[in-house]
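Visitor: Letter by letter, the chains look like this.
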Amino acid sequence: MHELIIIGAGPAGMTAAVYAARKKLDTLLLSKDLGGQPNQTTGIENYMGYQFIEGPELMQKFEEQVKQFPIEVKIGDGAVSISRLDGGFEVRTEKGETYQGRAAIIATGKRPRPLNVPGEEHLRGRGVTYCAICDGPLFAGMKVAVIGGGNSALESADDMLKIGEHVYLVSLTPLTGDQVLIDKVKGAANLTIFIEHETSEILGDNFVSGIKIRDLKSGEEQSLDVGGVFVEIGLIPNSELAKGLIHLNRLGEIEVNCACETGIPGLYAAGDVTNVPEKQIVVAAGEGAKAALQAHRYLQRLS
Amino acid sequence: MSTREVNVYSTPYCPWCKKTKKLLEDNGITYQDFDVAADRTAREEMIRKTGQMAVPVIEIDGDFVVGYDEGWLKQKLGL
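Chains Z and V are the protein sequences, given in the same order.
The numbers in my numbering rise by one with no breaks, and the one at position 68 of the first sequence is 68.
The numbers in my numbering rise by one with no breaks, and the one at position 59 of the second sequence is 59.
The hints are simulated quantities; they were obtained by calculation from the structure and are not laboratory data.
Don't take each hint at face value.
Below, simulated DSS-like cross-link-like pairs (lysine-lysine); rule was C-alpha separation at most 30 Å, straight line [stated by the list, open to error]:
no., chain 1, residue 1, chain 2, residue 2
1, V, K18, Z, K184
2, Z, K95, V, K18
3, Z, K61, Z, K23
4, Z, K217, Z, K186
5, V, K18, Z, K162
6, V, K49, V, K76
7, V, K76, Z, K74
8, Z, K279, V, K22
9, V, K19, Z, K61
10, V, K21, V, K49
The following block holds chain V by itself, in its conformation from the complex (with noise of 0.2 Å):
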């Protein structure tokens, strides 16, 4: 479980990002956020990987989910 990946790419001021983030904040789940408003690269990314043009992006072990999906989440992360 150590070795799990987590990448969260999202905006500034997008509410659903903030609480995903917080969600992984409050269970101690350490994350990579990509702020894909000032970073365009990441941003071109997520794009690519997902086919869709929306935040927040939750990428788990190479898994995907678009929109802030609890259910999912908690799953993905055995919570």
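Only chain Z is shown next, with the shape it has when bound in the complex (with noise of 0.2 Å):
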């Protein structure tokens, strides 16, 4: 049994690995990848230390910083579920793995938050993406619809205006972008934006065709024949494996104290997995050593 499991390699996880590391834990990071969401980040301008860094770059100095101590890292396998066992806890893993520990850090991030209508799970990869910086390029020529009405939705309308021949933007609220972005777009005359309206379906065989869209307001319907669609509604917690054993907010976060504590002694989550305000790299850093530090402290009152 490890002294200390941490779930999750982002800047929350990878923070608190090399706190840990520090307190000589006897420590295993176990996680799907390495790096997190700021890998899909391209230019980062408030993390202190660089004035301009992207994203994966930040990453790989996070990760080079890790590989520095003799902790066990395994990636490639992702965590489905955490359970208690006499003396601290048990996870086990997608491809069937236990590993134990008498502490653990969920530090499992947040991933995009799918539509969830009909045509989305057939039609991804086939013109449904989530990351418009990897695919957009794809698109060059084609219409395409931006789903979504804040930051994320509008910087990925603004990158498809260059490329592509019409971008209709489609939001259920109004616009809640930052002002500086919603004039940069405003003005495009190969932009339609659709506000208060509800993508309904995903059309399409083996690529995507069009969506359907529906006004919330007057409950009309109607389809845009589009190529690529650019789902941009924001995040939702990797939280499942610790459903049932700790308490998760309406918004699917695990609910932590100022000390990173989940209520059951040795668990601790940190970062953007968590209901802690602002989700920023520093931030989930900052949790991630407290975490670490807060079980190092729980490990050596257990000794």
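Reconstruct the complex from the two isolated chains, following the hints.
Guide: Here it is as structure tokens:
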């Protein structure tokens, strides 16, 4: 049994790993991937120490710092459940492996929120994308729909206006993104904005051929011919593994106190998967540090 | 092994594409990179071969994977 298992290797998990290693805890860092959400972020200008750095590059530096220490790192197999065990916790993975730790930190972050409409799952990767920065250029010259009204949606729309034939921006609410971004796209000749419209279906056989949208006020439905759908409607926490074990708030986030405690002795949570306000790299890293130091204190009390 | 053919279909700003290429480079694997944002023919070929519109696509001796899959890459390349 390890002393500590850290689940998730984004900013929170990797920072926790460094703090745990410096306390010489026998630590396992277990994660589906290395780097987490910043891997899909281009420019970061608010992580102190760097005036500008790209997300993947910053995470590369985190990884190098983690790997300076002799801790066990297992990447490529995500945790699906965590349960209590005599004297600690057991983590079960997608591949059916189990790992035990006397203490654990959940730092599994968030993932893009799906629309949950017919056609979406079937057409994922076939015109439906959640990574505009990756897949956007594949839709050059095509008509596309961007779903959402926040900053990510506006940024995707702005990118696609430059290379796409036409962009439909479909938002359930009035646009909620920063005014500077709204102003940037608003006047574009190849943009049509539908606010207070719900996306009810994604159409297509082998590839996306269109979407169905519905006006929330009039109830009127219409179809738009598009070859790509960019889903930018926010994030959901990767907290399923802890369901039933600890309290999740109405957003599905793990509720923690200011010491990253979940209410179960020895089990901590840190970063975007928690109810801590402000989802920022610097905040997540700080929370990861706190969780590891708290876990160290807990293990000291036990011994 | 020396005849192994590795192709990467990628876009310029895609973080997972960069990660894929770095893994190959770190292990001394030579590959051909197709920028599917600029190269329309390569883009169409990638979509035709995989039936998908997502990057990165990695082709090793005729087998494909869509997305950064470290386990698959390492297994295929014998790393």
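Visitor: Decide, hint by hint, whether the structure agrees.
Guide: Evaluation of the provided hints:
no. : hint             : in the structure
1   : V:K18 to Z:K184  : holds, 29 Å
2   : Z:K95 to V:K18   : holds, 27 Å
3   : Z:K61 to Z:K23   : holds, 21 Å
4   : Z:K217 to Z:K186 : holds, 22 Å
5   : V:K18 to Z:K162  : holds, 23 Å
6   : V:K49 to V:K76   : holds, 19 Å
7   : V:K76 to Z:K74   : holds, 19 Å
8   : Z:K279 to V:K22  : holds, 28 Å
9   : V:K19 to Z:K61   : holds, 13 Å
10  : V:K21 to V:K49   : holds, 20 Å
The structure fails none of the hints (numbered hints given earlier).
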